[in-house]
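Engineer: Single-letter residue listing:
Protein chains: 2
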Amino acid sequence: MSQFVFGVDIGGTTVKLGLFTSDGTLLEKWEIPTVTENSGAAILPDVAASINAKIKEKSLSFEQIAGIGLGVPGPVGPDSTVYKCINLGWGVFNLKEEMNRLIPEIPNVAAANDANVAALGELWQGGGKGKNSAVMFTLGTGVGGGVIINGKIVAGANGGGGEVGHIVVEPNETEACNCGKCGCLEQYASANGIVKMAKNMLSKCDTPSALRDMEHFTSKEICDLAREGEKMAGIIIDHCCEYLGRAMSFVACTVDPDVFIIGGGMSRAGCIISDTTFDYYHKYAFHVSNNTTIATAELGNDAGIYGCAKMVLG
Amino acid sequence: MSQFVFGVDIGGTTVKLGLFTSDGTLLEKWEIPTVTENSGAAILPDVAASINAKIKEKSLSFEQIAGIGLGVPGPVGPDSTVYKCINLGWGVFNLKEEMNRLIPEIPNVAAANDANVAALGELWQGGGKGKNSAVMFTLGTGVGGGVIINGKIVAGANGGGGEVGHIVVEPNETEACNCGKCGCLEQYASANGIVKMAKNMLSKCDTPSALRDMEHFTSKEICDLAREGEKMAGIIIDHCCEYLGRAMSFVACTVDPDVFIIGGGMSRAGCIISDTTFDYYHKYAFHVSNNTTIATAELGNDAGIYGCAKMVLG
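If you read the sequences in order, they're chains A and B.
If you count the first sequence from 1, position 29 lands on 29 in my numbering, and the numbers rise without skipping.
If you count the second sequence from 1, position 87 lands on 87 in my numbering, and the numbers rise without skipping.
Same shape as in the complex, but just chain A (with noise of 0.2 Å):
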C-alpha cells in the first residue's frame, strides 16, 4: 500500500524536498544545491539521486511510494510539459517523461507551477485548512498567486492562471512593471514596489517620516513604522492594501473564493496588512462575496512541497 509521498519545490537556488505520509504529515525534510550550469541538466538527475537516496536511508520499498509532485519557478501545461524555466536554464521538455526514465520504480508524477502548488499546499495543511477553495497572493520580491477550485490548482489555458501580480489595478499608472504594461499590482504590492511607491509618494508630500532619513529602506521597515503608528508608513501600508484589495474583489467576482490567503515576506507584517486590505475589499466586492476571509499563510517556504505532495494525492 502507498503509504508515503515526495514534494520536491525546484527553486533558483535550492531544490526543497519533503517526505510526507499519504495523510499529510512532513516526516522530514532537507535540501539540495539546484544547479542550474549546462541549461540545468543536472536538477533532475540530482533530485532522482536524492529521493532514492532518502528511500534507502528510510528502508521503504518503491510500492510503498504513491508518486512524486515537483513545483518548478515557471509556467507549466497540463500534461507536465515545462514551459520553459528562466531561472533554471530549463528549455521545454515534459517533466513527467523525465522522471520517469530517471526513477522508472515511481510511475506516478505530477507537476505545477511553484506558486500554484504553494497555494495548494496552503489550502490543503495552511492558511486555507479544511475549505474547498482558495486564492493565494504571495508578496514577495514579485507578486505571485494560485487559484485552487475544488482542490484543484486552475493552471489556466496558457499557464497564466494565478498571475494575480498582473492585475492592472491602477490603468492610470505611467511607469512600467517588469512584464511590460503598467498598473500592475506587483508594483505596489511586492517588497520592490512598495519601496518604489513610498519614495514616489515621499517626493510628493511634505507628511514628517522616519524613511526620510533613511538612504535605503526595506519593506518591512515600512511595516515596523506602520505598526508603530508613523502617520506616513501608515498611508503607504494603506494605499499598497487599497490596491491589493481592489484585485482581491475582481477575483472574487470571478471565481468567488472560500478564503483568501496573503504569503510571501510581506504577510510577515501581519493584522496591519490583512485588516485594511479586508476594508478596501469588502469596499469592492460584490455583496454576496463581501464576508470572504483574508489568511494569512502558515507554511511559510514549506507550503510549495506540500503543495507537490498534495498534487500526488489528488
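Since the hints were made in silico from the structure, they are not lab data.
A couple of the hints might just be wrong.
Below 25 Å or equal to it, Euclidean Cα-Cα: the simulated SDA-like pairs (lysine to any residue) are [as the list claims (entries may be wrong)]:
(1) B:K196 to B:I235
(2) B:K181 to A:H282
(3) B:K152 to A:E31
(4) A:K181 to B:K196
(5) A:K181 to B:T293
Knowing the structure of chain A, use the given hints to seat chain B on it.
Structural biologist: Here is chain B on its own, set in the frame of chain A:
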C-alpha cells in the same frame, strides 16, 4: 440506455424547455409561462407536467432519460439549494429534492444559476465549442457571466462565481450601480449602462451626434451609429469596450481561460464590440494570455437549455 436529457431554463416570464439527445442535438424546444404567483409554487409542478407530457407525446420510457438540468435566475449552491430567486418569488429550498418528489422516475437532477448554465451551453455547442475553459460576459439589461473550467461551472463559495458585471472597473466613479457599489462594469457595458454613460459623455462635450436629436435612444442605436462611422458614437463604444477589455484582463490573470465569449443583446453589434474589446484586452492582459480569443455567443436564448442539458451529461 439513457439517450435523452431535458434542459430547463427558468426565467421570470417563461420557462424554456429543450429535449436533447445525449450527444448534444436539440430535438425540440418549447416554452411554458412562468407562474410567479403564490411564491412561485406552481413553477416546478408545471415543469414536471410539461416534461411528463413530452415523454408521453414522444412515447419515451423513463429509462431512456439521463436526467433533468435546471437553470434558475439566482444563486444555487453545489447541492442544488437555491438561495432566493426574487424574480420567481422563491425562497430557500433544494431544487433537486423538489424535482425528485415531482418526478421520482428521473432521479438525476442538476441545478445551477442561469448565467452559469448559459456559459456552459456556449462552451459545449456555441461560441466556445471544442474548448476546455471559457468565461462568458453576457451584456444584457445588466451584465452577467459564467466561468467554466475543465468543462465544469465555477459556482463560487457564495454563488458569486462569474459575477463579472460587478468587477469595479472604474474606482473613481461616484454614481452607484444597482448593486450599491460604484464603478461596476455593468454601469458601462450593459444596455442600460451604455445609454446612461452616453448621456453623461454627451453632456460633457459638444461633439456633434445624431444621438443629440433623439429624446430617447437605445444601446442598439449607439452601436448602429458607431458602425456607420459616427465619431461620437464610436467614442462611446470605445469607452465601453475599454472597460470590458480591462475586466477580461483581470479575469485572465485569475483563471486564464481558452476563450472569452460575449453574449446578450449587445453582442449582436458584432465585431465593432469584439474587435475593440480585444484591442483593450491586449493592452491590459498579462503577456502569456495576450492572444486569448474573444468569441461571440452563438446560441442566443437557447444557451441556457444547452447548458442545463450538459450539466446532466457531465
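Engineer: None of the hints should be skipped; say for each whether it holds.
Structural biologist: Against the structure, the hints:
1. B:K196 to B:I235: OK: K196 (chain B) and I235 (chain B) at ~14 Å, within 25 Å.
2. B:K181 to A:H282: 10 Å, holds
3. B:K152 to A:E31: 38 Å, violated
4. A:K181 to B:K196: 31 Å, violated
5. A:K181 to B:T293: Between K181 (chain A) and T293 (chain B) the Cα gap is close to 20 Å, so the pair holds against 25 Å.
When the structure is compared with the earlier hints, violations turn up for hints 3, 4 and for no others.
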